[in-house]
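Chemist: Chains A and B supply the protein sequences, listed in that same order. All residue numbers for the first sequence refer to the numbering used here, where the first residue is 1 and numbers rise by one. All residue numbers for the second sequence refer to the numbering used here, where the first residue is 1 and numbers rise by one.
In short, the hints are calculated from the structure, not lab data. Incorrect hints may have been included.
Stated by the list, open to error - If the Cβ cut is set under 10 Å, some of the chain B residues that face chain A in the computed set are:
no., residue
1, 23
2, 142
3, 143
4, 152
5, 225
Said to hold, decoys possible - Every beta carbon over 10 Å from chain B, so not counted as near; a handful from chain A, in silico:
no., residue
6, 42
7, 64
8, 77
9, 87
10, 90
11, 145
12, 204
13, 227
14, 228
15, 255
16, 276
17, 286
18, 305
Glycine included, each C-beta is placed from N, C-alpha and C at the ideal position.
The lines below spell out each chain.
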Amino acid sequence: MPDVTKTVPEAAAEDAAVAAAGGTLPEPKPEKTRSLWGDAWQDLRRSWIFIVSAGLILLLLTITFFPGWFTGADPTHGDLAKHFLQKPKMGKFFDPDWLGYDQQGRSVYARVIYGARASIAVGFGTTMAVTLVGGLVGMIAGYFGGLVDSILSRLTDVFFGIPFLLGTMVVLNSFQDRTTWVVIGALSFFGWTQIARVMRGAVITTKQADYVHAAQALGASTPRILFRHILPNTLAPVIVVATISLGVYISAEATLSYLGLGLNGVSWGNDISDGGNQIRVAQWIMLYPSIMLIITVLAFIMLGEAVRNALDPKMR
Amino acid sequence: MGRYVARRLLQMIPVFLGTTLLIFLMVYALPGDPVRGLFGDKGGSPQVIAQLRHQYGLDQPIWMQYWHYMKNMILHADFGTQIASGRPVTDVLGDAFPVTLRLAALAFIIEMVFGIALGIVAGLRAGRLTDNAILLFTLLLISVPVFVLGYILKVIFAFDLNWLPPNVNDSTNVNELLMPAIVLATASLAYVTRLTRTSIAENLRADYIRTAIAKGLPRRRVVGVHLMRNSLIPVVTYLGTDIGALMGGAVVTEGLFNIQGIGGTIAQSIVRREGTTLVGLVTILVLVYLLANLLVDLLYAVLDPRIRYA
Chain A
1 MPDVTKTVPE
11 AAAEDAAVAA
21 AGGTLPEPKP
31 EKTRSLWGDA
41 WQDLRRSWIF
51 IVSAGLILLL
61 LTITFFPGWF
71 TGADPTHGDL
81 AKHFLQKPKM
91 GKFFDPDWLG
101 YDQQGRSVYA
111 RVIYGARASI
121 AVGFGTTMAV
131 TLVGGLVGMI
141 AGYFGGLVDS
151 ILSRLTDVFF
161 GIPFLLGTMV
171 VLNSFQDRTT
181 WVVIGALSFF
191 GWTQIARVMR
201 GAVITTKQAD
211 YVHAAQALGA
221 STPRILFRHI
231 LPNTLAPVIV
241 VATISLGVYI
251 SAEATLSYLG
261 LGLNGVSWGN
271 DISDGGNQIR
281 VAQWIMLYPS
291 IMLIITVLAF
301 IMLGEAVRNA
311 LDPKMR
Chain B
1 MGRYVARRLL
11 QMIPVFLGTT
21 LLIFLMVYAL
31 PGDPVRGLFG
41 DKGGSPQVIA
51 QLRHQYGLDQ
61 PIWMQYWHYM
71 KNMILHADFG
81 TQIASGRPVT
91 DVLGDAFPVT
101 LRLAALAFII
111 EMVFGIALGI
121 VAGLRAGRLT
131 DNAILLFTLL
141 LISVPVFVLG
151 YILKVIFAFD
161 LNWLPPNVND
171 STNVNELLMP
181 AIVLATASLA
191 YVTRLTRTSI
201 AENLRADYIR
211 TAIAKGLPRR
221 RVVGVHLMRN
231 SLIPVVTYLG
241 TDIGALMGGA
251 VVTEGLFNIQ
261 GIGGTIAQSI
271 VRREGTTLVG
281 LVTILVLVYL
291 LANLLVDLLY
301 AVLDPRIRYA
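Please model the complete structure; the sequences and the hints are all you need to start from.
Modeler: Below is the structure:
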């Protein structure tokens with residue numbers, strides 16, 4: 001791509017100068033047409049929604065991987081004698097006292113920082129699992145059509161028909177030890193249908209394209225056609241849905257924790273649920289995890305919004 | 001039309017059977033025992049437990065149980081017995097269903113009226129400040145989890161301002177149901193707004209709108225008749241699928257505001273592993289969802305005369 005920041009005469013003058021100095025000029029590249037992805041990236045870089053959400057997500061990822069950088073306090077250490085329901089001390093930034101203490105004398109600030117890990121892990125894990133399973137089911141149903149499509153589509157309908165929250169509640173209720181993997185599994189078990197439907201629709205339109213017929217005529221194997229020719233051209237709608245649903249899964253994990261069926265351990269949902277019982281005495285226990293949760297979900301939904309605008313020109 | 005409806009109803013049968021079977025398997029294949037749950041920590045004598053299990057048919061293999069359950073449900077409209085209380089599930093349903101229906105209906109009205117209104121305002125001013133403000137507002141509504149919003153509204157409007165009661169005692173009182181209905185409606189309201197906005201903004205550039213304006217029709221008629229009728233199809237689709245979601249999503253809202261509806265009953269039966277109650281309730285929800293979808297497809301033909309069902 002030519003350097004568009006310089007005007008043509010300027011660039012020519014510079015080239016001449018380089019040549020005069022005995023330097024070698026780079027081969028002039030032919031004008032490249034930008035792909036859908038290149039176009040989308042150009043759009044994204046200029047979108048304030050994308051910049052804000054990407055910044056927030058980077059910060060959240062830093063908090064997730066290096067909670068020790070943000071607080072030295074232990075989120076599970078409770079000191080009833082000294083800190084029981086101590087009010088926030090707003091001046092003391094990043095101190096364990098900053099956001100107050102909960103009903104067991106644990107630092108709310110430390111719990112807010114360490115709680116990020118549960119939300120981020122469940123959000124990313126579920127989205128990846130759902131995209132893999134739903135994408136594969138949708139691709140097979142859309143490409144092969146006929147009986148395979150009928151069976152897979154009815155199966156999708158069955159899972160789609162069960163209310164999402166109720167289904168996950170039933171599954172999670174039978175596990176005593178609800179680790180991150182169990183929660184991811186339960187959410188994915190009912191969550192894959194949306195991606196499957198989107199993927200199936202995209203594959204059905206793509207498989208009519210000339211390049212797919214050409215590949216078939218050349219005798220390319222089915223996996224090669226599916227993954228080399230069809231997949232890259234159906235990814236855009238799937239990525240949009242996946243990004244938005246990342247935020248939705250984080251919200252769902254918190255809701256399950258609130259119902260007492262979420263992760264065991266430090267998580268924003270558990271803290272909000274605990275704080276809800278103390279809401280008339282100590283609002284801060286609930287307030288700060290809620291704010292973090294809302295910011296996190298908002299960041300991912302905004303990212304999905306920006307990606308959708310960039311990938312789907314019809315939205316403008 | 002009649003043939004189309006018949007075909008759609010036939011297509012529902014495998015989905016209906018599959019969904020009930022799935023929920024049945026999930027409830028019974030996973031560990032836990034509703035009969036043991038009746039006795040608490042002390043535990044009952046093996047004979048009594050065996051007798052009760054036999055009485056509720058829990059000693060049969062799961063396929064037989066499913067067969068008997070479906071047979072009774074379809075032939076006699078008998079949904080089984082709630083083990084914890086000994087009442088027929090249809091009785092329990094009869095108590096809880098109208099409450100949830102009232103809540104969902106109020107939430108549905110709120111999301112439809114405000115969602116479509118906001119969407120039209122944003123769509124007609126696409127790209128301008130109002131549009132961006134509404135976009136930000138809807139993003140915020142989607143990101144606030146239901147239970148957080150419930151707590152926030154409760155603290156502000158019930159505890160601090162004393163405008164609305166914090167809990168619902170009488171579900172026929174619209175005043176009491178208002179806050180839970182708003183909480184239940186918010187996320188869907190945001191989606192309705194977004195859909196309407198996109199659809200309106202897209203159709204605003206259509207040829208028939210230019211023609212209508214060129215004919216000299218008043219703006220009210222262009223927007224109210226020509227634009228609306230063509231833009232509402234995706235919105236109606238979403239609203240149709242959302243009826244079922246509202247009733248299923250009421251689990252959290254009903255818990256928050258102490259409403260004695262389906263949500264509370266479902267949460268209880270999940271914790272107690274009341275298979276029969278749970279399957280009965282979910283069956284009703286699935287039926288509502290399937291019928292709402294059918295209704296939406298039939299509504300298309302009303303909204304868009306180009307769509308015909310042979």
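Chemist: Next, verify each hint and record whether it holds.
Modeler: Hints versus structure:
Of the supplied interface hints, the one on residue 23 of chain B holds, with its beta-carbon coming within about 6 Å of a beta-carbon of chain A, less than 10 Å. Against a cut-off of 10 Å between C-beta atoms, the interface hint on residue 142 of chain B holds, since the closest Cβ of chain A lies about 6 Å away. Hint status for residue 143 of chain B relative to chain A: holds, with the closest Cβ pair at about 4 Å, below 10 Å. Evaluation of the residue 152 of chain B hint against chain A yields a held restraint, the C-beta minimum of about 8 Å falling below 10 Å.
With a least beta-carbon distance of about 24 Å to chain A, the hint placing residue 225 of chain B at the interface is violated under the 10 Å criterion. Listed as outside the interface, residue 42 of chain A is consistent with that label: its C-beta sits roughly 19 Å from the nearest C-beta of chain B, beyond the 10 Å cut-off. A cut-off of 10 Å between C-beta atoms confirms that residue 64 of chain A is not in contact with chain B; the least separation is 18 Å. With a minimum CB-CB distance of about 26 Å to chain B, residue 77 of chain A clears the 10 Å threshold, and the non-interface call stands.
Residue-level check passed: residue 87 of chain A sits 17 Å from the nearest beta carbon of chain B, beyond 10 Å. With 10 Å as the threshold on Cβ separation, the claim that residue 90 of chain A sits away from chain B holds: the shortest Cβ distance comes to roughly 20 Å. No beta-carbon of chain B comes within 10 Å of the beta-carbon of residue 145 of chain A; the shortest separation is about 17 Å. The beta carbon of residue 204 of chain A sits about 19 Å from the closest Cβ of chain B, which is more than 10 Å, so the claim that it is off the interface holds.
Listed as outside the interface, residue 227 of chain A is consistent with that label: its C-beta sits roughly 30 Å from the nearest C-beta of chain B, beyond the 10 Å cut-off. For residue 228 of chain A, the condition that its CB be more than 10 Å from all CB atoms of chain B holds, with the nearest at approximately 33 Å. For residue 255 of chain A, the shortest C-beta to C-beta distance to chain B comes to about 6 Å, within the 10 Å cut-off, and the non-interface label is violated. Non-interface call for residue 276 of chain A relative to chain B: violated, since the shortest CB-CB distance, roughly 6 Å, does not exceed 10 Å.
Not every CB of chain B lies more than 10 Å from the CB of residue 286 of chain A, the least distance being 6 Å, so the non-interface label is violated. A Cβ of chain B approaches the Cβ of residue 305 of chain A within 10 Å, the least distance being about 7 Å, so the stated non-interface status is violated.
Checked against the numbered hints given earlier, this structure breaks hints 5, 15, 16, 17, 18; the rest are met.
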